[in-house]
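Okay, here's what each chain looks like letter by letter:
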Amino acid sequence: EPEVTQTPSHQVTQMGQEVILRCVPISNHLYFYWYRQILGQKVEFLVSFYNNEISEKSEIFDDQFSVERPDGSNFTLKIRSTKLEDSAMYFCASSLAGTTNEKLFFGSGTQLSVL
Amino acid sequence: QKEVEQNSGPLSVPEGAIASLNCTYSDRGSQSFFWYRQYSGKSPELIMFIYSNGDKEDGRFTAQLNKASQYVSLLIRDSQPSDSATYLCAVRDTGTASKLTFGTGTRLQVTL
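Residue numbers (my numbering), protein chains in the order written: chain A, 1 to 115; chain B, 1001 to 1112.
FYI, nobody ran anything at the bench for these hints, they're computed from the structure.
In this text, all values refer to a predicted model and were calculated from it rather than measured experimentally.
Hints should not be assumed to be uniformly reliable.
[As the list claims (entries may be wrong)] Which residues of chain A face chain B? A few of them, derived with a C-beta cut under 7 Å, are: (1) E56; (2) K57; (3) F61; (4) F65; (5) S66; (6) F91; (7) L96; (8) N101.
Idealized CB from N, CA, C, for every residue including glycine.
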């Protein structure tokens, strides 16, 4: 069964460093998303992306964050200068279409620890 | 601020019983509703979705939606220890590529 894959599974970084989280969405999907979940808290939306553009972003997704689809398969989330509060599990998701009824499928996540 | 509310639990049910998980949402414009299961340290896994008022059944799972009451529920019949997990209710707005808003989840424990 097709799945969303994320690398790395764990990332440890020093505060102020840049990190790039990588995702390979399901191959025929067109809409891509990043969510995050701080330990013990709810899953929070960060950004949605379609046709090489951001469709929607949350208040969390400030200037320190960026997304890119550098080639036909990868979808990346970059955090330019990490803060302690960026420590969380980051989930990539994709969907075939962007309609309201469309199902989102999540990757296994990258656990980011900022020291 | 759109809210999705769930009782955090834990909800403890004996093996073989019916587990009933509830969720309320604040935005009347919400159109589609999803239940995800999340094991500790793992990603959300979609188990049910519902768009229309009423019941929708899939195997041991039944989702129920009442838009007038802004209420969605998930019933798990013949609960198994492997069903022990956190169940996340998620609500999606209208619009293209619209985001899912998640509740905090209800932790379900199925006891032997």
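Checked hints:
| no. | hint | in the structure |
| --- | --- | --- |
| 1 | E56 | holds, 6 Å |
| 2 | K57 | violated, 9 Å |
| 3 | F61 | violated, 11 Å |
| 4 | F65 | violated, 15 Å |
| 5 | S66 | violated, 17 Å |
| 6 | F91 | holds, 6 Å |
| 7 | L96 | violated, 12 Å |
| 8 | N101 | holds, 5 Å |
Comparing the model with each earlier hint shows violations of hints 2, 3, 4, 5, 7; every other hint is respected.
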